[in-house]
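Novice: Residues per chain, in single letters:
There are 2 protein chains.
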Amino acid sequence: MTATSQKHWTGDPSPLLRVGEGFRLSDVDPDATPGYERGKKSGAEDLAAGAAQFDELQERLFAQSRVQDGSPAVLLVLQAMDSAGKGGIVRHVIGATDPQGVHLTAFKKPTDEELGHDFLWRIEKEVPGPGYIGVFDRSHYEDVLIGRVRGLAPADEIERRYVAINEFENRLAGRGVHLVKVMLHISGDEQKSRLMERLERPDKHWKYNPGDVDERQEWPAYMAAYQHVFDRTSTDAAPWFVVPANAKWYARLAVQALLLDALERIDPQWPTADFDVQAEKARLAAT
Amino acid sequence: MTATSQKHWTGDPSPLLRVGEGFRLSDVDPDATPGYERGKKSGAEDLAAGAAQFDELQERLFAQSRVQDGSPAVLLVLQAMDSAGKGGIVRHVIGATDPQGVHLTAFKKPTDEELGHDFLWRIEKEVPGPGYIGVFDRSHYEDVLIGRVRGLAPADEIERRYVAINEFENRLAGRGVHLVKVMLHISGDEQKSRLMERLERPDKHWKYNPGDVDERQEWPAYMAAYQHVFDRTSTDAAPWFVVPANAKWYARLAVQALLLDALERIDPQWPTADFDVQAEKARLAAT
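First to last, the sequence lines map onto chains A and B. Residues in the first sequence are numbered consecutively from 0, following numbering that gives the first Met the number 0. Residues in the second sequence are numbered consecutively from 0, following numbering that gives the first Met the number 0.
No wet-lab data here; the hints were simulated from the structure. Hints are supplied without guarantee of correctness; some may be wrong.
It does not matter which identical chain is used: a pair holds within one copy or between any two.
[As the list claims (entries may be wrong)] With a straight-line cut-off of 25 Å between C-alpha atoms, the simulated DMTMM-like cross-links for lysine to aspartate or glutamate are: (1) K40 to D54; (2) K206 to D54; (3) K280 to E214; (4) K108 to D273; (5) K39 to D54; (6) K124 to E112; (7) K6 to D54; (8) K108 to E166; (9) K203 to D213; (10) K206 to E263; (11) K206 to D136; (12) K247 to D54; (13) K124 to E113; (14) K247 to D97; (15) K107 to D68; (16) K108 to D30; (17) K39 to D111; (18) K124 to D136; (19) K280 to E168; (20) K206 to E166; (21) K107 to D202.
Bear in mind the structure is a predicted one, so any value in this text is a computation, not a measurement.
So that you can see chain A by itself, here it is in the shape it has in the complex:
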């Protein structure tokens, strides 16, 4: 835990939220706010303070990559049931920094062309380059979540995918992509009230999809599929974090803290000039 970014936490959020040995999703209370006891109002203030830090670290990360070959990147993978708040994370956490340093991809139902390739084909193309903060709104994990729940692929293919995912993520980590994999965890009741709100407000109708109710009816199967994902793919190179998300303000603060932690571990530095500063000053002055 770093003093700068997480001084308002009573416990370091990274280990608190991390999926480790023996983790059971069913033990996580979606209403909880692990490591943070200051409540909603302070949570919003602390989010704003963290945004300034996030913004500076992002700029350093980007700056460093312009000069040093093979610079690191960060990749935030967001997975969740519908309405759990992925969009709010993008808007309120990621949206606090310079869009020029962010590479955001929302993965939808695969196209026919994508289905003609291995499931990681479309993913690989969106891996953030050096210096970028990549965000996957849904990801390759859909292929072992809805893929499993809806039987879109046979069991041995799903099995192959867990192995492929670990190899893929190990490879990314090896070339400097710091993965932060987050599942936003809401309760079934919370989802019901959020979907109902979308139905009650005409300015939210566009966010509602009748298919959401169909998926909702498979809730236990999805939770089991997530548990399998955690069992199989929470590795040292690319750990999972489960963030209780019934309180939106907490989920945002927690994801921000996880990103700050990744950035502080990278500890990006302003690069030194690869040109002669004094000579350039003279050359510029002469114009």
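For chain A, the structure is supplied; the task is to place chain B on it using the hints.
Specialist: Okay, now just chain B, sitting in the frame of chain A:
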């Protein structure tokens, strides 16, 4: 001029900044703040107020496109000499809205593959889809600016490109892409002081490129090339706007105003549900 977005302006910025018949770039004072007399401090406040409007209009634009086929988009094209503030526009104007509705492309020196294609090949791939706000940080205009100044293409090829650009932009406009083409106009002295600042601050060294001084020495040729661009490509379908940019706060406010104007002309509406709201409420309630 709409009462909502531009009440702080003494004149409507769109016609004031628009490149029309007989426009001369040399007549534009880069220190001026056309249509706005309230000064820097109020400018920052008005930018924040405009950001909230921009954010709502962006969400409506995006929402509408999720339901209606062939919905409109906005494309902001940013051109300028180095250090004129393109990055600040992206960060402070575009950065005020949801990254999920923005499609940003920074065009660099073309790759060998890109050079093997027509100059519009790489541009076409980045045209924003329905509902998006696209931003081009540099654009196809580089091919008639640096292309002309540095003699990267013969005169008849440059000539062909003006025609191709107008046809291309007409086609985009015809399918609902509202183009807002902006040149940020700074003075040579202002550029000199901004580049010098980059040399004086170690945390800005990464933004400095010795090539910037070489380009700076071609200032008159670039101004002539911009004048040609305006003469040939400021059309009704895709007009140019020249924004005085020595005052960064003014340039941001003015570009925001131009975007608000484009969005208000589109006047995007929350889409009506394409499902039976009451039936969905009952179906959800039963889960």
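Novice: Evaluate each hint against the coordinates.
Specialist: Tested hints:
no.	hint	in the structure
1	K40 to D54	both (22 Å within a copy, 23 Å between copies)
2	K206 to D54	between (29 Å within a copy, 17 Å between copies)
3	K280 to E214	between (62 Å within a copy, 15 Å between copies)
4	K108 to D273	between (45 Å within a copy, 20 Å between copies)
5	K39 to D54	both (22 Å within a copy, 24 Å between copies)
6	K124 to E112	both (14 Å within a copy, 17 Å between copies)
7	K6 to D54	within (18 Å within a copy, 32 Å between copies)
8	K108 to E166	within (23 Å within a copy, 34 Å between copies)
9	K203 to D213	within (19 Å within a copy, 52 Å between copies)
10	K206 to E263	between (35 Å within a copy, 22 Å between copies)
11	K206 to D136	within (15 Å within a copy, 30 Å between copies)
12	K247 to D54	both (21 Å within a copy, 20 Å between copies)
13	K124 to E113	both (11 Å within a copy, 18 Å between copies)
14	K247 to D97	both (23 Å within a copy, 17 Å between copies)
15	K107 to D68	between (32 Å within a copy, 18 Å between copies)
16	K108 to D30	neither (30 Å within a copy, 50 Å between copies)
17	K39 to D111	neither (44 Å within a copy, 53 Å between copies)
18	K124 to D136	both (15 Å within a copy, 22 Å between copies)
19	K280 to E168	neither (44 Å within a copy, 41 Å between copies)
20	K206 to E166	neither (35 Å within a copy, 36 Å between copies)
21	K107 to D202	within (22 Å within a copy, 39 Å between copies)
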